[in-house]
Amino acid sequence: MQNTSAKRQHHSKSHILFCLRVLLLILYITTFSFVTNIATNEVNAAEGDLCAGAGVCPDGTHCEQDPYWPYDVICVANEVPGGNCTIQPPAKPILSSPTDGSEIHTATSSAAVSFDWQDVTDWGRMCKVGVKGYSFCVGPSLGSPCTTSQGGQQVNIVGTIAFFPTPHLTDPASVTTAIVSKGVSYWKVRSFTQNNAASPYTSTWNVCVEGFSASDPNYMTPWSACDPVTHKRTRTCREDCGINDCGAVGGTVTEDCLGQVRGTIFDASGIDVCPAFDPATGYLTGLGGRGAANKTFGFTDQSSVSPHPWAPLSPSITDASGNYSINVYAPSTYLYDFSSLEGYYSVSSGPKLTCTSSTAAIPDNSPTCTTQPCSVVNNMSFGFDKVFGGWWQTQGAPVHAEGGITSRIPSSLPTEQSLILPETTPINRWGFLSYGLALPQMLGNNTSAQVSTMLWEKLSSYQGLIYDWNYYSNRFNLFTRTEWNGTDPIVYDDQGRGYQIFRSNSSVSNFNFSPTGTQKVIFEINGDVTISGNISVPSGAFLGVIAHGTISFVPSVTSASGWYVGDRIAVPCQDTDGTPGCDKTDSQFIGNGSFVGWLGIDLSRDTGASSNTAPSELFAYRRDLYTNAPNPLKTYTKYYKPFIP
Numbered sequence: 000m001q002n003t004s005a006k007r008q009h010h011s012k013s014h015i016l017f018c019l020r021v022l023l024l025i026l027y028i029t030t031f032s033f034v035t036n037i038a039t040n041e042v043n044a045a046e047g048d049l050c051a052g053a054g055v056c057p058d059g060t061h062c063e064q065d066p067y068w069p070y071d072v073i074c075v076a077n078e079v080p081g082g083n084c085t086i087q088p089p090a091k092p093i094l095s096s097p098t099d100g101s102e103i104h105t106a107t108s109s110a111a112v113s114f115d116w117q118d119v120t121d122w123g124r125m126c127k128v129g130v131k132g133y134s135f136c137v138g139p140s141l142g143s144p145c146t147t148s149q150g151g152q153q154v155n156i157v158g159t160i161a162f163f164p165t166p167h168l169t170d171p172a173s174v175t176t177a178i179v180s181k182g183v184s185y186w187k188v189r190s191f192t193q194n195n196a197a198s199p200y201t202s203t204w205n206v207c208v209e210g211f212s213a214s215d216p217n218y219m220t221p222w223s224a225c226d227p228v229t230h231k232r233t234r235t236c237r238e239d240c241g242i243n244d245c246g247a248v249g250g251t252v253t254e255d256c257l258g259q260v261r262g263t264i265f266d267a268s269g270i271d272v273c274p275a276f277d278p279a280t281g282y283l284t285g286l287g288g289r290g291a292a293n294k295t296f297g298f299t300d301q302s303s304v305s306p307h308p309w310a311p312l313s314p315s316i317t318d319a320s321g322n323y324s325i326n327v328y329a330p331s332t333y334l335y336d337f338s339s340l341e342g343y344y345s346v347s348s349g350p351k352l353t354c355t356s357s358t359a360a361i362p363d364n365s366p367t368c369t370t371q372p373c374s375v376v377n378n379m380s381f382g383f384d385k386v387f388g389g390w391w392q393t394q395g396a397p398v399h400a401e402g403g404i405t406s407r408i409p410s411s412l413p414t415e416q417s418l419i420l421p422e423t424t425p426i427n428r429w430g431f432l433s434y435g436l437a438l439p440q441m442l443g444n445n446t447s448a449q450v451s452t453m454l455w456e457k458l459s460s461y462q463g464l465i466y467d468w469n470y471y472s473n474r475f476n477l478f479t480r481t482e483w484n485g486t487d488p489i490v491y492d493d494q495g496r497g498y499q500i501f502r503s504n505s506s507v508s509n510f511n512f513s514p515t516g517t518q519k520v521i522f523e524i525n526g527d528v529t530i531s532g533n534i535s536v537p538s539g540a541f542l543g544v545i546a547h548g549t550i551s552f553v554p555s556v557t558s559a560s561g562w563y564v565g566d567r568i569a570v571p572c573q574d575t576d577g578t579p580g581c582d583k584t585d586s587q588f589i590g591n592g593s594f595v596g597w598l599g600i601d602l603s604r605d606t607g608a609s610s611n612t613a614p615s616e617l618f619a620y621r622r623d624l625y626t627n628a629p630n631p632l633k634t635y636t637k638y639y640k641p642f643i644p
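For the sequence shown, numbering that gives the first Met the number 0 gives the first residue as 0, with consecutive numbering after it.
Because the hints were derived from the structure by calculation, they are not lab data. Glycine included, every Cβ here is placed at the ideal spot set by N, Cα and C. Treat the hints loosely; a few may be bogus.
[What the hints assert, rightly or not] Simulated restraints, written as ranges between beta carbons of each label pair:
hint, residue 1, residue 2, range
1, L454, L477, 23 to 31 Å
2, E401, T634, 40 to 48 Å
3, S348, N473, 33 to 41 Å
4, D255, A172, 25 to 33 Å
5, T229, T446, 34 to 42 Å
6, S348, L454, 42 to 50 Å
7, D318, L598, 22 to 30 Å
8, R480, L454, 38 to 46 Å
9, P278, K457, 21 to 29 Å
10, S535, K457, 16 to 24 Å
11, D318, I270, 17 to 25 Å
12, S459, S348, 41 to 49 Å
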């Protein structure tokens, strides 16, 4: 076993020695081959081949260090065949961005600006080893942007040596970023190769870094006080670049001094204190639909300083919630005029509630305010008693409406807020309300409104006889009648019967007859009747008008007594102002007696502000007319009473 191991060690050493001899042989052969190639190149060198020195390269070339591998020398072509290589400078770059005169904003003292130019494609002739590059300059001096002593910067951007896929010089980047201070800077670029072979510089462009900020006092001074004559104010402004940010002429900025008045117009019926307001909007809150929607009002400048008065800059009108916002000049004082609200609100004695002041005093603009309007006056709010419009009321009389009733009783009534009041006689008779159809809000939205103190009402449809013109015309055939053309004066002559019936076969357009003494008169009219004058019926007398049509009381009629029976009863309003709807200038109508419209009763009068304290139509029961009714109007009824023997 020992002899075998010794033999193996001997063979291993022999193997190692053999390998070393083979490696030395390979190195020798390689070195010999390399030297042989150089020698061959010295005899037969061509452009790009290795060379050992001058005189071995072919004509038109010379031996020079390889720019891509500095350990070798190669044959390089001469500029002139058979002569030495002459350096040719590269082409001049062309600037791209930022364009000449550009402005760049910054929030700091400087900005990082990216400068760009077009790639150079013609790099000239370098002749010996070197690099390709650009020389970039930027600085505040137009003549010397490269001079560092004048704040300039100069940066060289060069290419690199690359070996793959073949050895070559890379082109330098045609862009760079430089930190540029605020204000105007100038920049230019040139291209270069080795031995200072360079193109001319490009033309010089400028770029301006703007640091303007309206909130920076270094750029914008505080505003001056507003001029009370011109309503303008000024401040000085400067920029790093031009005047496009200041908008200034000669460094001075001028603007109008503006203010805004905000508030709410509202219904203050039943309210004694102004509601709260929202400081963010200037409007009242929690009104619950009480705002005066879409109402215009007067708003005029009261200053005596010429050239006043200045008109408001926006309309004085409320929105759907009763809020308004009016733009005005400042400083100034404006006065309100609410006369246009007449008919909707009680305005004759001014607002019921004034939440801030009666006049709007707009102060001077604050010098630190930069966004107009700068003078805002909030909660210029006013409350008025609402004019509730026409409504009707009865006194001591029963009321029935087969199709339901509507009378919006206002909450502003100083006394009892009832539809039916008690009779003023010592009997103190109360009326009863019945209706065949219950309508929503029959008495309006006043929660204190009621039918009467007795609260007598009933949903009950009428099922009795229809005592209309048809009924009475047939009944009157049993009695003596006087024919009447509807226009001739009435000559009363009952011939001892105690009553007289006048019959007309056509409408009567101008009825204004009033009986006297104890006259008892019935008019049977086959058509409409227009009551054109006040009608009075003295105690002991009687008047009945029965029409086969509508009985209308013109707006000038303020009172009418008697019994009136027609298809319809109409008490229209005054409407002469040229706008749709009632003029709200009517007089109150007082009806004494009985008024029956079998197809409906239309009550349209509107007394304006007076409606807040009294109805536009008042109907009172007259017991004496019932007592004095003549026989043709009376019918027999049966009264059953049980008899117990």
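Results for each hint:
1. Look at L454 against L477: about 43 Å separates their beta carbons, and that is not inside 23 to 31 Å.
2. For the pair E401 and T634, the supplied restraint of 40 to 48 Å is violated, since their beta-carbon distance comes to about 21 Å.
3. The supplied range of 33 to 41 Å is broken by S348 and N473, whose beta-carbon atoms lie about 57 Å from each other.
4. D255 and A172 have their C-beta atoms about 53 Å apart, which leaves the hinted 25 to 33 Å range violated.
5. Hint check: T229 to T446, Cβ distance near 55 Å, so the stated range 34 to 42 Å is violated.
6. A C-beta distance of roughly 35 Å is found between S348 and L454, which places it outside the suggested range of 42 to 50 Å.
7. Between D318 and L598 the C-beta distance comes to about 41 Å, which lies outside the given range of 22 to 30 Å.
8. In this structure, R480 and L454 meet the distance hint of 38 to 46 Å, their C-beta atoms being roughly 45 Å apart.
9. Between P278 and K457 the beta carbons are some 53 Å apart, a value that contradicts the proposed interval 21 to 29 Å.
10. Separation of S535 from K457 is about 34 Å and departs from the stated range, judged on CB atoms against 16 to 24 Å.
11. In this structure the supplied range 17 to 25 Å holds for D318 paired with I270, their Cβ-Cβ distance being about 20 Å.
12. At roughly 45 Å, the beta-carbon separation of S459 and S348 lies within the given 41 to 49 Å, and the hint holds.
This entry does not satisfy hints 1, 2, 3, 4, 5, 6, 7, 9 and 10, going by the numbered hints stated previously.
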